[in-house]
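In order, the protein sequence lines correspond to chains D and R. Under the numbering used here, the first residue of the first sequence carries the number 1, and numbering increases by one thereafter. Under the numbering used here, the first residue of the second sequence carries the number 1001, and numbering increases by one thereafter.
Bear in mind the hints are in silico, worked out from the structure with no lab data behind them. A couple of the hints might just be wrong.
Short, incomplete list of chain R residues facing chain D, as computed with Cβ under 10 Å [said to hold, decoys possible]: (1) 1121; (2) 1223; (3) 1233; (4) 1248; (5) 1252; (6) 1307.
Glycine is no exception: its CB is placed at the ideal position from the N, C-alpha and C atoms.
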Amino acid sequence: MVGPLKLDPQRMAEEAQRVQQKLGAGLQSLLQVEDPDVGCTPKEVVYREGRLTLYRYRGESAPTAPVPLLIVYALVNRPFMVDLQPDRSIVRNLLAQGEDVYIIDWGYPDRSDRFLTLDDYINGFIRRCVDVVRRRHALEAINLLGICQGGAFSLCYAALHPETVRNLVTMVTPVDFHTPDNMLSNWVQDLDVDLFVDTMGNVPGDLMNGCYLALKPFRLNFQKYVGMIDILDDPAELTNFLRMEKWIFDSPDQAGEAFRQFLKDFYQGNKLVAGGLQIGGREVDLMNLTMPVLNVYAEQDHLVPPDASKALGGLVGGDDYTELGFRGGHIGIYVSGRAQREVPPAIHRWLAAR
Amino acid sequence: MSDPNDWRRQLDALSQQYWNAWTSLASTGGPSPAAAPGAGPFGAFGAGAPGWPQALEFWSRLASPQSHDAQAAIGRFGKQAQEYLELMRTAAERVQQGAGAAEVAAAWRDALSASGGGNPLLDALSSLAGEGARGPRQLAEGAEALLAPLRGQMDALLSLPAFGQHREQQERMQQLARDQAALQKASNRYAALLLEASEQAFVLFEKKLAERSEPGRQLDSARALYDLWVDAAEEAYAPVALSPRFRAVFGELVNAQMRVRQGVQQQVERSCAELGMPTRSELDSTHRRMHDLQRELAELRQRLEAFEGASVDALAGNRGGAAPEAAASTTRKAAPKRAAKGASRAAPAKKAAAPSKKPKAAPAASTRKRSTAGRATGARAGGAGRAPLPAAPMPKRPAATTKRSKATSRGARK
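Just chain D, same shape as in the assembly:
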C-alpha cells in the first residue's frame, strides 16, 4: 500500500533552493521593471464627451475594409485589454487584416456621474459615437463589435437603431443571465439593488474586483501568486504579469443609475430573454436585429458561461447568424496566443463576406 506522496528529501531541498534562487533573482528583476505600458497600438482622439473618448486606431498600413468597426467595451474594466501588448492585441491583428478600428473609452466616472442611466450610455454616448464614425466615413451604417457588457449594450443599441448597424459582432456577451452555471447572477438575485445603489451611490471598482476574484478565490487570489515565483527571474515575463495585474485591478467605478438598471433588468429580470426591457422609454426587441450577427463565445468562460451567450441565437430576427466558439476563457479570448491567431482573422473573414 503506497501513500499519495512521494516526497524525496533531496528533491524537496532542490525545490527549496530553486525558490530561494528565484526570490534572489527577483530582487534584481523588480528593480528593473517599470510601470508596464498598456495599449500598444497608436490611436488618435476623434471625439470626446464627458468622461468618454472615442479613438481611432492607426495600423501600419491604411485600412482596406470599406466599413469601419467600432468596438464597444464593457464599463466594468478598462478597454486596453483588447490592445494589451504587441503580441497580445486583438486590435493590432484586426488592423493587420485591413479593418478600420475605433474604440470607445468610457473613462473613470466619479460621483458627479452618479445619475447616468443606460439610456445615456446606449441612446446617448454610443449613438453619438456611431454618428461620428458614420459621418467621418459618410456611411449610413457601420460595423459594431460589443465585448461582454459592451456586447449587451451593443445588442440594445442595434435593436433600437438597426439602420445604423451594418454588421454586429458580439464577444463573450451575456444574453441569458439566468443559466444555472452563472455564479455572479446567482449572487445578485436576492440583492436589494435599490438599497444598494441608494447607499453606495456609484459602485466602487474595487468592490467589483472583489466579486470577480471571489468566483475562484483560491486560483485567482492564492495560486496565481504562488505561481509568480516561477517568473521572478524573468523581467519580460514579470512585466507581462504586472501588465495583466494592472488591468485586473484598474476597474472604474460604475455609475449608480446605470448599474441599478443593469442589475435589475438584465441580471435579475433577464429581460433580454424574457422581454420587457426598456431603454429610454423604448422597448428593446432583439427581433429587430435583422442585420448579420456574429456571436463569439469562450468555451471555458467562468464569468459569462457559454450558454449565456449562445442564447442570442434564438432571439435575433435575422437569418444571418453565426456562432463561433473559442477554446479558452473570458480573458484568454483576448490575450492568449491562440486567440491572436484565430479570432481576428475569423472576425475579418466574416465581415469581409458581408
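Given chain D's structure and the hints, the job is docking chain R onto it.
Quick look at chain R alone, frame taken from chain D:
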C-alpha cells in the same frame, strides 16, 4: 540607499541555513540535530531551522520596486506566498513518511488551522482585500469604523422607549442597533455556509489524495500537493456558490450591510448639516440637476442638427477631437466627394464577391418602420433628429453570405 547585493547576501545566508538542514537530512537519512524528537523525517522543515515565511517576509521588505504596479503585486504576492510556504512547513512537520491519504489530509487540515483558522474558504474570501479589491467583509469594516463611536450611545438607548424631543433620533439609533445585530447574524450565517464548503473541500482533498495513492500517480513536490488542494477547494466551493442557499445568505449579508451603512450615513449627514458642512444629499441633488441639464442640452443639440444639418463638432465648438477623416463637416456640399470615396472603397469588395445566392435580408432602411416613425415624431431615442448624411451609397454586400452556422475556433467555420 542600501546595496541590493547586501540584501541578497543576507537572504542567501538565511536560506543557506535552511539548505544545510535539508542536506543533513538527505545525507544522514534522518532528522537534523535541531529537529524536535519524534518530528518525523521532515521535522527539519520547522524545528530549529529558519522558516521560509521569515525569509519571504525579509524578501518582501527588500523588494521595493519603483513601479507602483509592481509594489501592489509584491504586496499580494508576499502575503499569499508567505501563507503558502507556512502551510508547506506546517504540513511537512506533521506528515510521516509513507502516510496515507487520510493522514495527509488530516495533516493539511491541521496546517491550515494553525496558519489561519479552520475555515479556509472564509479566510480565502476575506483575504481578497488589498489594493484594488474589496469583498463583503471589507465593506462591513468600512462602516464599522464610523459605527464604533456611536455604539455606546446605541447601547444606552436600546432599551428605552422613544419619546420626547429627541424621539426620532432615538428611534434612528435603535434601528441602527437592530440593523447591526441583523448584520452580525447574517455574517454568522455566511461564515457557517462557507465552513460547510470548507469541510467538503477537505473531503474532496482526501479523495483526490486517495486517487494518487498508486505508483506513477503520486505527488512528488510540495507544489503539486498545494495545487491538488486548490483543485479540491475550488471544486467544493463552486456548487455551494451556485446554490440557492448561498444566494439567500449572500443577499441577506449584503442587504444587512447596506442598512447599517445607510444608518451610519444618515447620522453623518445630520452631523454635517448641523455643522454647516456640505452633505451627500446636497451634492447628489446638484449632480442630478447637472445630469438633467446635460441631457436637455444633448437633446436640444440633436434637434438643432436635425433642423440645420450642422455637424455636432461645428456647433459644439469646444468639444475637442481631431478633424474628421473625410471633408471637415457633413455639409451637403461636400457629400458628392465623400460619396465617390465611399464608392471606390466599395469597389474592391464588389470585385472580390463570389457569385452565390442573394442574402435574404438586405439592410434596407426603408423596411424599418419603427425608425421612420421615430424620426417623424421627433422621439429622442429613436434615431430621431439625426443629421442627414451625405447621400453616400453603402458598399454592396458580397453575394456569398453565411446563414445560421456554428463553428469552433479549431478553424472550421461551419
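If you take the shortest Cβ to Cβ gap from residue 1121 of chain R to chain D, is it below 10 Å? Holds: closest Cβ of chain D sits about 7 Å from residue 1121 of chain R, inside 10 Å.
Less than 10 Å between beta-carbons is the criterion; does residue 1252 of chain R satisfy it with respect to chain D? holds, 7 Å
### Message
Does residue 1233 of chain R hold up as a contact with chain D if the rule is Cβ-Cβ below 10 Å?
### Response
Holds, because the Cβ-Cβ distance from residue 1233 of chain R to chain D comes to roughly 5 Å (cut-off 10 Å).
Problem - Agreement of hint residue 1307 of chain R with chain D interface, Cβ distance less than 10 Å - result: violated, 16 Å
query: Would the hint on residue 1248 of chain R stand, with a C-beta cut-off of 10 Å toward chain D?
result: holds, 6 Å
Review point. How about residue 1223 of chain R: closest beta carbon in chain D under 10 Å, or not?
Key: Residue 1223 of chain R check passes; min Cβ-Cβ to chain D is 7 Å, inside 10 Å.
The structure fails hint 6 only (numbered hints given earlier).
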